[in-house]
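A.B. asks: These are the residues of each chain, in order.
2 protein chains.
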Amino acid sequence: MTRVAVVGGGVVGLSCAWWLARSGCSVDVVDPAPGQGASYAAAGMLAPLSEVVPTEDHVLRFGLHSLQLWPAFAEALETDWGSGIGLRRGGTLLVAHDVGDAEELQRFATLLAREGFEATCLGSRAVRDLEPALSPRVVSGLHLRGEHSVDNRAVVRALLSACARAGVRVHRHAGSLVLDCDRVVGVRTENGLTHAEVVVVAAGHRSDEVLAAAGLDGGRRLVRSVKGQILRLDGTPGLLRHTVRARVAGEQVYLVPRDSGEVVVGATSEDVGDDTRLTAEGIHRLLQAALTVVPGLADHELSDAVARLRPATPDNAPVIGPTTTPGLLLATGHFRGGVLMAPATAHAVTALVQGAPTSPLVEALAPARFGRPTPAAGRYATALDQS
Amino acid sequence: MTRVAVVGGGVVGLSCAWWLARSGCSVDVVDPAPGQGASYAAAGMLAPLSEVVPTEDHVLRFGLHSLQLWPAFAEALETDWGSGIGLRRGGTLLVAHDVGDAEELQRFATLLAREGFEATCLGSRAVRDLEPALSPRVVSGLHLRGEHSVDNRAVVRALLSACARAGVRVHRHAGSLVLDCDRVVGVRTENGLTHAEVVVVAAGHRSDEVLAAAGLDGGRRLVRSVKGQILRLDGTPGLLRHTVRARVAGEQVYLVPRDSGEVVVGATSEDVGDDTRLTAEGIHRLLQAALTVVPGLADHELSDAVARLRPATPDNAPVIGPTTTPGLLLATGHFRGGVLMAPATAHAVTALVQGAPTSPLVEALAPARFGRPTPAAGRYATALDQS
Numbered sequence: 001m002t003r004v005a006v007v008g009g010g011v012v013g014l015s016c017a018w019w020l021a022r023s024g025c026s027v028d029v030v031d032p033a034p035g036q037g038a039s040y041a042a043a044g045m046l047a048p049l050s051e052v053v054p055t056e057d058h059v060l061r062f063g064l065h066s067l068q069l070w071p072a073f074a075e076a077l078e079t080d081w082g083s084g085i086g087l088r089r090g091g092t093l094l095v096a097h098d099v100g101d102a103e104e105l106q107r108f109a110t111l112l113a114r115e116g117f118e119a120t121c122l123g124s125r126a127v128r129d130l131e132p133a134l135s136p137r138v139v140s141g142l143h144l145r146g147e148h149s150v151d152n153r154a155v156v157r158a159l160l161s162a163c164a165r166a167g168v169r170v171h172r173h174a175g176s177l178v179l180d181c182d183r184v185v186g187v188r189t190e191n192g193l194t195h196a197e198v199v200v201v202a203a204g205h206r207s208d209e210v211l212a213a214a215g216l217d218g219g220r221r222l223v224r225s226v227k228g229q230i231l232r233l234d235g236t237p238g239l240l241r242h243t244v245r246a247r248v249a250g251e252q253v254y255l256v257p258r259d260s261g262e263v264v265v266g267a268t269s270e271d272v273g274d275d276t277r278l279t280a281e282g283i284h285r286l287l288q289a290a291l292t293v294v295p296g297l298a299d300h301e302l303s304d305a306v307a308r309l310r311p312a313t314p315d316n317a318p319v320i321g322p323t324t325t326p327g328l329l330l331a332t333g334h335f336r337g338g339v340l341m342a343p344a345t346a347h348a349v350t351a352l353v354q355g356a357p358t359s360p361l362v363e364a365l366a367p368a369r370f371g372r373p374t375p376a377a378g379r380y381a382t383a384l385d386q387s
Numbered sequence: 001m002t003r004v005a006v007v008g009g010g011v012v013g014l015s016c017a018w019w020l021a022r023s024g025c026s027v028d029v030v031d032p033a034p035g036q037g038a039s040y041a042a043a044g045m046l047a048p049l050s051e052v053v054p055t056e057d058h059v060l061r062f063g064l065h066s067l068q069l070w071p072a073f074a075e076a077l078e079t080d081w082g083s084g085i086g087l088r089r090g091g092t093l094l095v096a097h098d099v100g101d102a103e104e105l106q107r108f109a110t111l112l113a114r115e116g117f118e119a120t121c122l123g124s125r126a127v128r129d130l131e132p133a134l135s136p137r138v139v140s141g142l143h144l145r146g147e148h149s150v151d152n153r154a155v156v157r158a159l160l161s162a163c164a165r166a167g168v169r170v171h172r173h174a175g176s177l178v179l180d181c182d183r184v185v186g187v188r189t190e191n192g193l194t195h196a197e198v199v200v201v202a203a204g205h206r207s208d209e210v211l212a213a214a215g216l217d218g219g220r221r222l223v224r225s226v227k228g229q230i231l232r233l234d235g236t237p238g239l240l241r242h243t244v245r246a247r248v249a250g251e252q253v254y255l256v257p258r259d260s261g262e263v264v265v266g267a268t269s270e271d272v273g274d275d276t277r278l279t280a281e282g283i284h285r286l287l288q289a290a291l292t293v294v295p296g297l298a299d300h301e302l303s304d305a306v307a308r309l310r311p312a313t314p315d316n317a318p319v320i321g322p323t324t325t326p327g328l329l330l331a332t333g334h335f336r337g338g339v340l341m342a343p344a345t346a347h348a349v350t351a352l353v354q355g356a357p358t359s360p361l362v363e364a365l366a367p368a369r370f371g372r373p374t375p376a377a378g379r380y381a382t383a384l385d386q387s
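Protein chains in written order, with my numbering: chain R, 1 to 387; chain X, 1 to 387.
Derived from the structure by calculation, the hints contain no laboratory data. There's no promise every hint is true.
[Said to hold, decoys possible] Residues from chain R that face chain X, not an exhaustive set, calculated with beta carbons under 8 Å:
1) M1
2) T2
3) P237
4) G238
5) L239
6) E281
7) I283
8) L287
9) L297
10) D299
11) H300
Don't be surprised by glycine CBs; every beta carbon is placed ideally from N, CA and C.
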């Protein structure tokens with residue numbers, strides 16, 4: 001039974017841990033506050049198309065792949081947990097508030113069409129027929145039917161429960177990598193050493209810190225922090241049917257409804273280092289855009305506001321795969337897509353640990369692209385075999 | 001030694017309790033959460049002129065009287081507490097953001113002049129010379145030099161400490177009035193009965209509930225709840241020198257700076273019953289107005305947001321004085337002015353309990369004006385003498 005330790009108990013780390021345990025590994029997760037980082041702030045959109053950036057093809061392909069895995073992943077998770085994780089299949093409605101926004105949205109539709117994706121273009125009346133809560137001033141819309149959302153906080157709770165049932169040990173402490181002859185052999189917490197043949201670093205924006213503490217920083221920062229402020233508004237269920245992503249006078253805002261009546265409103269994207277303060281401007285911009293596009297949110301309760309740090313790599317794609325350090329795998333840098341990409345990452349990491357083949361989609365995300373070359377398959381396998 | 005029980009441990013109830021104890025009474029305060037109601041949300045403005053309404057002469061006169069008492073009250077409190085309560089004497093700057101706002105401000109200046117108060121009118125340049133953080137778009141201003149502010153939360157902490165030192169017993173429980181032969185003889189909590197010759201109801205928006213529970217509701221509601229949402233923004237000290245009260249496209253907002261760098265931004269005023277939810281619209285309107293008039297607040301941290309209920313009487317003036325029920329005094333209904341009017345209320349209540357003469361200012365606030373006639377002085381004094 002392969003022993004694996006996962007450093008980082010966010011949605012990515014916990015998904016990997018759960019999937020590894022289900023595949024027969026003995027798994028430890030080390031995180032002082034599991035699920036309280038970016039996973040806690042996230043909106044839970046499973047929306048690779050809505051977020052597509054022309055230069056980020058790997059992100060789109062891996063996201064689409066993970067979106068396909070989500071329904072089965074959700075079902076397995078809900079069965080294990082015994083409760084729902086709020087999977088909603090209403091699709092995404094992209095809307096434009098003014099004429100300038102509509103031009104931008106049209107360019108986006110052209111981009112999607114060029115990539116071969118179908119999106120239904122809608123005029124003002126048609127978009128409000130689909131989503132009556134939208135302001136009558138909304139000019140146009142684009143319906144992406146295949147995108148979903150989940151309640152990310154429920155997902156974390158479900159993963160923690162599923163991990164426990166699968167025998168995963170969750171250590172609520174800070175942990176540091178332990179090396180022996182340049183090979184990672186485990187993780188140390190204040191409660192002692194946990195031996196592992198493979199250690200997966202899934203520590204989000206703290207991943208460089210974890211590597212650097214073991215002298216494995218590679219001389220170059222792998223993951224930068226991108227701050228996001230995000231709100232939760234609580235009201236009567238049913239106001240919104242779809243995830244709404246709006247362009248409002250050049251600002252972008254998304255509104256993700258839950259069955260409970262909660263609407264998640266996000267998010268700022270700020271390159272300000274490790275700062276998690278809520279700011280007057282950040283909250284104001286989110287509320288301004290949200291209330292402009294869905295006036296019926298005015299009376300909703302502002303029930304939650306948080307800021308967390310997204311982990312972004314230099315090319316904004318996640319970094320998943322082995323490193324030149326035997327025993328050390330990375331699964332981090334998921335930026336805006338941690339919840340979306342969790343199932344695909346869990347599958348990939350489990351395959352890598354088992355020495356099973358991975359797809360070109362996963363190979364494209366290997367650390368090697370940032371000058372952290374993947375060791376020859378043989379060498380990595382050997383490291384595992386020796387243990 | 002006269003025994004007095006005060007129902008309600010907000011800034012008014014605690015001020016009364018402290019002052020009564022200093023004057024030789026034996027005092028109990030009953031409140032499940034002292035200082036956590038409207039006193040917690042308040043901004044701490046000592047600003048009777050800025051808030052003047054033409055039809056509310058009693059409010060203005062009593063407020064001005066209390067403003068004069070504040071410096072000595074603050075000094076006594078700080079001496080007792082051993083720490084500061086953040087008294088700031090920068091005055092209030094009323095500012096108008098657009099031409100319509102400026103016309104309104106001009107009408108306000110005329111009203112003040114008619115009442116005999118001096119206010120310095122300022123053009124755009126002059127107002128920004130006084131307060132450089134104001135937006136260059138601010139059209140005009142009015143400087144009210146004699147108004148102050150205090151840190152209302154520090155005031156509550158100081159009052160609790162001063163009360164303890166003065167021997168006041170604070171019971172952190174809900175309490176109900178106890179009557180014997182139509183006379184109030186004490187307050188009952190889950191821990192037992194506290195006897196008192198005089199009971200002061202200073203329970204803010206809950207005052208009617210307290211009276212009604214003892215069958216003393218008088219058939220008519222004395223105090224209605226007016227909800228206020230209020231924010232605290234934290235940043236580098238020194239951004240603002242004055243309390244700023246701004247008219248911004250017809251909206252009103254006030255910004256009260258603290259020495260710490262905190263700026264209190266308030267407040268909504270909503271007739272929605274006993275509802276203390278923060279709402280999307282409430283927070284948005286406050287931030288919108290605040291950032292428009294002081295753009296430098298953008299990067300401030302949104303460190304606190306709360307909603308509480310102000311107690312307002314039918315004529316918006318507090319109700320202070322004896323009732324037709326022997327042993328029962330009221331000190332409630334301070335609406336937006338609880339912090340401002342606390343010293344004058346404490347003085348008035350202490351005089352009433354001691355049977356000392358009170359001024360016409362205080363007599364004008366007696367419950368009698370709402371059909372709760374003040375008993376003849378003799379009868380009230382007798383009630384005290386018998387005890």
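A.B. asks: Evaluate each hint against the coordinates.
C.D. replies: Structure-based check of each hint:
1. M1: Cβ of M1(R) sits 48 Å from chain X, so the hint is violated.
2. T2: Given a least distance of 46 Å, the restraint on T2(R) is violated.
3. P237: Violated - the Cβ of P237(R) stays beyond 8 Å from chain X, reaching only about 16 Å at its closest.
4. G238: 17 Å, violated
5. L239: 12 Å, violated
6. E281: Because about 4 Å separates E281(R) from the closest Cβ in chain X, which is inside the 8 Å limit, the hint holds.
7. I283: 5 Å, holds
8. L287: The hint holds - L287(R) has a Cβ within 8 Å of chain X, the shortest such distance being about 4 Å.
9. L297: Cβ of L297(R) sits 5 Å from chain X, so the hint holds.
10. D299: 6 Å, holds
11. H300: Hint on H300(R): holds, closest Cβ of chain X at ~5 Å, below 8 Å.
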